[in-house]
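Asks: Next come the chains, spelled out residue by residue.
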Amino acid sequence: MRANRRRLVNWLGIVCGFGLLASLPLFLNDFLMTIAVVIGINVIIVFGLSLLMGYAGQISLGHAGLYGLGAYTSAVMSTKLHLDPWLTIVAGALLAGAAAYLIGLPALRLRGHYLAMATLGAGVIMQIMFVELSGITGGPAGISSIPNLKIGHLILDQTGAYFYVVLAAVAVSLWLSLNVVRSQKGRALRAMHGNELAAASIGVDTARAKLFIFTLSGVFAGLAGGLYAHYLTYISPDSFGTSLSILLVAMVVIGGSQSVVAAGLGAALLTVISEYFRTYQDWSLVFFGLSLVLVMIFAPRGLFVETAAVAKRLVARVVKRRGPVES
Amino acid sequence: MARKLSTRLLVVLAVAAVFIAGCAKTATTTKTEVKQPFKVGAVLSVTGANAPLGDAEKKALELEVASINKDGGANGHQLEIVIEDDESDTTKAVAAVNKLIKVDKVVAVVGGTGTGSAMGIKPIITASKIPFVAMAAGNGITAADNTWVFRAPAKNAVAADKALEYISKTLKLKKIAVLYDSNPFGQDGIDEIKKEVIAKDMTIVSEQKYETNATDVTAQLTTIKAANPECVIVWGTNPMPAKAAQTMKQLSMTMPYIGSHGIANTKFIDLAGDAANGVVFPAGKILIPSSIKDAGQKAAVDKFITDYKAKYDGIAPNTFAGHAYDALHIVSDALGIAGSDSAKLRTQIEKTSGFAGPDGIYKYSKTNHDGLATSDLIMIKIVGGKWTLVE
Amino acid sequence: MLLSKVLQFVITGVANGAIYALIALGFTLIYNSRQIINFAQGEFVVIGGMAAYTFYVTAHLPLPVALLAAILVVTLLGVAFERFVILPLKNAASISLIIATIGMSIFLRTGAMLIWGKEAMTLPHFFGDKPWNIMGATILPQQIFIIAITLVIVVGMQLFFRLTVTGKAMLAASMNPEAARLMGIRSERMVMYSFAFSAALGAVAGVSIAPLVMMSFGSGAALGIKGFSAAILGGLTNPLGAVLGGLSLGVIESVGAGLISSAFKEAIALIVLLMVLLIKPSGVFGKIGTRRHAR
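Protein chains in written order, with this note's numbering: chain A, 111 to 437; chain B, 767 to 1157; chain C, 318 to 612.
If we strip away everything but chain A, and leave its shape as in the complex, we get (with noise of 0.2 Å):
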């Protein structure tokens, strides 16, 4: 009964934020709008990172490489076969999963950082595709011209309406995830994190269910890198790169990888930040680097986390110095 309550309560929330969200154009410049939606492509890869690192307890650093195969099987797909944009990203994204249930398949046999090794090898060698598969992806310079989503006669460029695209995209992940969370498969995900072995000992298939994570952050990766192809309407393999994959490793440790809804708040938040910074120029990634350090040593466990940690804290002492009074 209680913990009815409380997830109706946390449903609640999340509506009211998605309400929100839904009308920042209503307060923000377009340029603002521009940087919301790098920052819901960007939360929306890190769902998925959340939900492998927090639930799963594995690592990759090869997201950037799935990112772009969803961007550039959709940007291939609309300009070169002129198929409808909404259908190569969803196409984009299975195509992700697909490759990233190929990789998982093999790797996730591997721990800790020989998984990271085996990642990050696969997203170069993604990356190197992209340059060297000219015939198909332009090679390094990449493809420009890419279609823009429409709805009717309705164009959907660089302005306030492709944020409620990528809005609902957000929205959908998050509720994939809040369900994959709290799915039995989910359950078992986290004792898993906690203990393999005993995860296997009570009958949890381990093996399967981070098969299954791996492939589900890589749909994802896929549809984020179809939204950003069609957003910025020209990629190239440069936007793939690892330093992109080790970026959105941090976002999600940033904002604390116990919870998908921290993560991606961290996603926003370092995006935020490096926009800010920008406009020190030479000195922007000095402070970059210097908040993740900074980050790291007082909120260790994510800095969203921690938050909602104090917060429940500060609730449970005013909570309880009323109580004697209700009673």
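Please note that the accuracy of each hint is not assured.
[To be verified] Per the computed footprint, the stretches of chain C lying under chain A, defined by three or more beta-carbons under 8 Å from a beta-carbon of chain A, are: (1) 401–412; (2) 428–441; (3) 536–546; (4) 580–586.
Rather than coming from a laboratory, the hints here were simulated on the basis of the structure.
Note that beta-carbon positions come from the ideal geometry of N, C-alpha and C, so glycine has one too.
Add chains B and C to chain A, keeping to what the hints say.
Replies: For chains B and C alone, kept in the frame of chain A given last:
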């Protein structure tokens, strides 16, 4: 009473003085500040992989904006430049140009240090209908739809043509090998070379590639050596072409080394040391100002070099600084004539003809947004660690 | 002709591989003490090379003095790194530590840009640049120097960990910090030593390769990834494995680029690496089942 009068007089005088001073002030202000300043945006790679290029461009822009404003601005309007750093990242270049257009409300954009940045900027410029003069050399930048996009430097294909012309006409060689960077710059080079060799009756006996951040090209050059070419074209930007020059020396490959305009700075000579001697490459005339025949261009370039050296510790501007000079002056000249209305400004830039800057003498037209020709480039040979003109 | 060509590929591969090995050793040291990957290892290498440039080319110090000064500077940097970043995180999960090292790598890289500028730089070769000829293939004295110094270091490391008290204490502290503490070993001090050593090793790599590799502020990322790959191939914990991992990576790259395709040079090396990992999930020379104390 007398005292009262004197007080009254004093007050009147004071008021009058204030009034006159105020008038004088408004008079002077109306004289110089009736015209609103024009805001021009710049997206440059001040940090990240392309930082050495973007740095020179930023310095040139800051220098030239001050110089234009000192000379009365664009038809009396002062220029205001807003420089955004894209960290050599396409996604950030997009954010930067969006900010310039939507927040700063600039009337024109210059920049795009790397081809990737310029290509990312292009769709936004086109949708927002703001003129853009690019500083990167990738062939795709001025490909259709280029309505709103112009280019300052000679595009890669033009430089590749110049190098091939030198090989076929001056050196009279037929068997070439190509070592190129796997980035857009190298790709443009190899694409153009492949297209042109057939017409010039040359053959490519070996083509090898390296990653931009590679540290060694011995394996590639060993393969090239085994294919026995008469000369080696190396198409990339610093530092790897310098490494290639050293490795060729190590492998005792004595055939001519033909570089790209990507090595047109003194850094190449610093890095390659002795191995730089004998290297020949196409470049803008700014590297050897005495090679400029046009008097107007000579005067402009000489002034630019003097000013740049005076402001930046005696360091001479490189070709990238030259791109920034040209892009800014083309925009400023057009602003002076057409004003800030974007459609009029675009048409005016398209009419640019005869503007002479470090990169050459520009002639844009409805069909040509590149403006430069092979005659705007020279071939330079490194002799004794110094640039010399190849006639 | 073909023989000398292949010989050249192998020699080049060994020479490049020694560079990777030298960088990999730094990863191994830190992994052994703290079970983390230090993403700033490549920056130690670059700052070492660039500091040597300042001391030798700008300050005109004699070469050996300049090199030692550069190594010292980076060693101190390693100590500061451990004191200000790693120590405060002693109770955190390793992923938080890794993110902190990523932050440091971005910070150091940009700091290097502010100090040394945006252009690449290089040092003169220590023993001249006249190549040696081996049956039609060539090798530079600098490359022989790098191979030699890599061997000296790996032998030195083995001796240090087996024979000296400090070395044994460092090993003990890394295997089981609690037990080591009970035996009177100050584990935290040992972690600091390992960061100092690792930074010094990075700097040795940096100054040795500076004449060959045209280094700029951003070179650390690529060098770091190569070193990490070599360390993984060698099994992460084993210095000898790291060296063999580095050498094999170099040879695979070079032979692959020469005989198969230069465009897929890195892809070929990575595919081999991935296949090795799938057959032997903890690297060629790593021992499965050496369980380190989890923190």
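Asks: Could you run down the list of hints and mark each one as holding or not?
Replies: Structure-based check of all given hints:
Using a Cβ-Cβ cut-off of 8 Å, 7 residues of the stretch 401–412 of chain C lie near chain A, which meets the minimum of three, so the contact claim holds. Closer than 8 Å: that is the beta-carbon criterion, and the stretch 428–441 of chain C has 3 residues meeting it against chain A, so the requirement of 3 holds. Proximity of the stretch 536–546 of chain C to chain A, defined as three or more residues with a beta carbon under 8 Å from a beta carbon of that chain, is established by the 4 residues found. Given as covered by chain A, the stretch 580–586 of chain C passes the check, having 4 residues with a CB less than 8 Å from a CB of that chain where 3 are the minimum.
Checked against the numbered hints listed earlier, the structure breaks none of them; every hint is satisfied.
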